[in-house]
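Plus 4 on top of the position in the sequence shown (first one is 1) and you've got the numbering used here.
Simulated from the structure, these hints should not be mistaken for laboratory data. Idealized CB from N, CA, C, for every residue including glycine. Accuracy of the hints is not assured; some may be wrong.
To be verified - Restraint ranges, calculated between C-beta atoms of paired labels, are given here:
{"no.": "1", "residue 1": "ARG958", "residue 2": "LEU469", "range": "37 to 45 Å"}
{"no.": "2", "residue 1": "ALA106", "residue 2": "GLY563", "range": "45 to 53 Å"}
{"no.": "3", "residue 1": "ALA484", "residue 2": "ASN425", "range": "26 to 34 Å"}
{"no.": "4", "residue 1": "LEU149", "residue 2": "GLY1114", "range": "54 to 62 Å"}
{"no.": "5", "residue 1": "LYS436", "residue 2": "VAL640", "range": "25 to 33 Å"}
{"no.": "6", "residue 1": "GLY1020", "residue 2": "GLY334", "range": "55 to 63 Å"}
{"no.": "7", "residue 1": "ALA106", "residue 2": "GLY334", "range": "31 to 39 Å"}
{"no.": "8", "residue 1": "GLU262", "residue 2": "GLY1020", "range": "32 to 40 Å"}
{"no.": "9", "residue 1": "LEU469", "residue 2": "SER687", "range": "40 to 48 Å"}
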Amino acid sequence: MSHLADDLNKEQLEAVTFPADRPLKVIAGAGTGKTTILVGRFQHFVRNGKIPAENLLALTFTNKAAAEMLERIRSEVPEVDPLNSWVTTFHAFALRLLKAEALTAGLDPGFTIMDEVGCRLIYDRVCRKLLAGRLQNSYFQADKLRELRFTDGALLNNAFRLINQLKDAAIGPQEFIDTCLEVHLGYARNLWAAIEGLPGKYRKKPKILEQLVGEEQYEQEVASLIYTLYQAYQEELVKNRVLDFGDLIAKACLVLQEHPQRREYYRRKFQHILIDEFQDTSAAQFQLVQLLARDNMRNVTIVGDDKQSIYGWRNAKVENVRLFDPELRGGSALTIKRNYRSYGEILSLATAAIRRSSYFARRPDELELIPEKKGFHGKATVFVYEDQREAEAAFIAAQIKELLAAGRKPGDIVILMRSLNPAKAYEDALLKEGIPYQTSGGIGFYDREEIQDILSYLRLVEDPLDEMALIRVLSRPPYAVSDRFLAEVAALCRRRGSGGAAAEMPGPEAHEAYEAHDAAEAPEFLVRLEAAVAGKLADFPGCREGLARAAELLRRLAGLHKLRDLIMPQELVTRVLKDTGYLSYLRSLPASAQARSSANLEKLAALAAEYARAYPGAALSDFLSYINAAITFGVVEGEADITAAAGDAVKIMTIHKSKGLEFPVVFVVGIGPGRFPPNFKGSGFSFSPETGLVVRKSDPVGGNTQKYSPFHFSDQRDLYESAGVGNPELQAREAVIEEERRLWYVALTRAREMLFLSGTTLTTKLRQQQDAEAAAMADPHGDFLAEAISFINDYAADQYGAILTDQGPRCFVAEGGTGAGADPGTAASINADAERTAQSEVASTLESSWLLGLLGLDAAAGVLAAEQYPPYVNLSFSAIRMFLHCPERYYFLYRWRFPSDRPVEALNQLGYDPTLLGSAVHMAVENARKAGKGAADDYLCEFRKACQALGINRQICETVYLPMAQEWLQRFAGSDLGQPMAGELWEQPFAMEWPVSRTTVRFRGFIDQLIPRQDGQWDLIDYKTNRVLGPAEIQDYTLQLQLYALACREALGLQIGNLYLYHFPKGTLLKIDDDAGAGVRASAGANSRAAAGGAAAGILAKVGDAIAAGETEIDFRWPDRGCRHCPVTVCPLRDEEKTEVAEEETELEPEESVAQFAFEL
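Model the full structure from these sequences, guided by the hints.
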């Protein structure tokens, strides 16, 4: 071993050098160097055990922890290749395995991981199918339900949470329903017998037994519903070629379970497995380790500490570390107790806290940590504040200010809390004192004022009639009109629309006169506002300034509205900030508030950019729908982190976030019953193999079910347990209480030198320990602060220096520090210097911030104002085609977003929807080929699935759509083109930026098929299902293929050989010239790049420039097929056109255009 061995103590060295062929369990307490042990063991295996680094698997839980571990390993073993190493997280490992084993797992090799919002949208789609009666199976039939009302939104949300819990236990839909059915009858009989056996003194027993029948029926129906939703949700994920986060571990386990050869391959590959933070593993993760390990887990080292297991809420099982017994497998269990982090007094307090745990109270020998440091750096302060949170926050800010004055750096200090919901009070207090702070991962991102403001502007850009958004931006800075002005605008229509004296009344009298007016008849608020700006309120006092501000807002919104469909959502965020004056308002805020707002707004722009990358061609309306879904579903989105200068800012974070970190000075705030620990809230559904499904509340009864909380369980516990009946509510409550106490232990052990505790306490006689115990008895969650005070006052008050009174806290000043005992003038001077330093540091951070970068855009050369040409125009081929044939139609549908009318009469005449037919055929061919299939039956099977996915009734599918598709698909399967080809790509997305004279065109789309050739080029094929394929259609599709070929070269870097068009109705294959002259050549004014692109690039340039300029009269317009085909019924040209253009039915004869299909494969 290297010099690392010199830094290890005896316990650590024993763990590091333990043999590789025997299992090892290391219980490493807080601050004992567990990462050092893992790094040392990895190094020992490579250096002395002669195990190649690529044959070692090291697993942890966060990307940050994995990166830190890899960095430390490489510092000791430099030859470790980061690209070939297996130092990673559980989920990253599972993703890597599934990518390598995609075909084995039955997955599309191009699958992606769907984010939480996307998963909720997919689940929402499943729920809509359920409510529409389209989800039926042998377990769930809606018309046979007797007790269940599945339209309850809370029930469906609880079902989704349980589905995710099942995934974390590697339990699939079928295993879930099988277990429910198997366990239900036996457990129900036991529960019935136990209640029936209760003594006769319980008079409600007959009523309870009567209710039990309905509860059991309800439970069975809920189980069938959850199975149905779970199964349908998984099918939707497969259909969309995505996995959710929970699928990664579960599907990796499935691959290793069902494919012994692949399991043995990985077992041979990984000669030893090292796992960090084993107490945080879920059931599925533990199962994954068992499948990867050799010989009953003999080649596994686990490191953890069950005192720090705090992730039960995300399905971690603390039992995993407790039940893993290496001694039964020929190994050993070691406990590391020497702590290098905290002073002994802090460890004593933490040990006293965890000793109150019902589990650890029976294991006192496991709790003691041996401190390397004894005696506080000064003396810690423990104080109590029984007033409002704002007062507590102000007191903490004052304490921190004194610490800074005494020489502490802001980066030495952290404020820890149970939840970040109340963080704003502490932020405001620090801001008032001029102290820089950084809040890590706040959960209220969408609740931040700046985010709500900009989202309101974006909603107005999308829909100017959004009344709530308009009122918000008017009432908030930088416009901030008065309430009086808003009230006058709201009443304006009533004054204008009514006669009599009341019409002349200003102010409140008018409001009263028209109070009974029907509000539904009033015009939209925007209309009233425009009328006010036009001068209708000019004579009313107090409105002149509001009118000026409103007029300016409307002017700026009009300019932004022109950009709505021309630039990407993330660019719209930036333009809204600039063009509305919001950035100027942000500059007026204090420096710390600027930093916070800037970071959050930068994150909003990043979210928009990420969405645009995931969904090419997405419009602003799509992004807003995505954000609205995130807010509606309650998706937790953390606030952006602020990077202060050199990281020198007071940290604010949750205790969960602080896991694995340490700080010289720690404030734990908001302690007290109902806050920390919080009140117990049971989950709607739970599941275990022993009890099956447990439903908390039943519709028939309305209260807790007997299975969840049996009748008089507390005083008849022995009777119930002898019958094999437990109390899931009590078990869940006890588990939560135990985890909250472990969280309290984690909070205390983050401190190295100084520890401050703050909150409320139920006790009034703080120096009497029995009062704290009485408070804990009254509240089963306990009173952590009272316990800490009792321990300090009764055992070690002289060591801790806590000065406590019933009237509130008195600050204790650390020895040698600057505080109450120092010279006031000196202290004031130091405080002023500290405040100026803090503000200058925040200001220096902002100098290079994203916010000030945006502020400088106005002066940058080449930045266009909203009234000039837009910087980007987003186009698909459908948009280009529509603009060439009818610019007016393009503007109605793509720019102004007028709803298009479905051609109902034409569809009724046809008897089917050609669009649905085409979509189903495309999906059938794509899905069959991606599965490596090419037989006619395979295509037809996939076609039926596609029809179901598109919502086509099964009978209509079989009688209307299938006969047409059957002929097409059978003919296709019998051709060379219908057989799978090596390396072919289907539905390949592309996104190309193409600069033109006035703007930059962003061209996006999907290519049906790309086939590689032996000469390194690719053949491009597009499939068509429309009935008519005449000269006009050939002209359109020639341009489409030429543009796709251009995009392949420019965006994908592919060299294109031949272009083909396959027409399903005729079974013909047309070869298209790559530069066939689709209409016109690039004009002389086009740039050289466009000219080099040929005819297609020339048309792209002309269309882009014309749209950027808003032109409707173009000299390169293609012949239109007439207004009778137009879906825009409001277009005035429909009334002007007197002569309709007849539909061209002439088709090309196949022998004129069909090329010999001979790919060079």
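Quick rundown of the hints versus the structure:
At about 41 Å, the CB distance of ARG958 to LEU469 agrees with the hint of 37 to 45 Å. Between ALA106 and GLY563, the C-beta spacing of about 48 Å keeps the proposed range 45 to 53 Å intact. As the Cβ distance of ALA484 to ASN425 is approximately 27 Å, the hint placing it in 26 to 34 Å holds. Between LEU149 and GLY1114 the Cβ separation comes to about 57 Å, which falls inside the hinted range of 54 to 62 Å.
Look at LYS436 against VAL640: about 28 Å separates their beta carbons, and that is inside 25 to 33 Å. Evaluation of the 55 to 63 Å hint for GLY1020 and GLY334 yields a pass: the beta carbon distance comes to about 56 Å. About 37 Å separates the C-beta atoms of ALA106 and GLY334, a value consistent with the hinted range of 31 to 39 Å. Between GLU262 and GLY1020 the beta carbon distance is about 38 Å. The supplied range of 32 to 40 Å therefore holds.
Here the CB-CB span from LEU469 to SER687 is close to 41 Å, well matched to the stated 40 to 48 Å.
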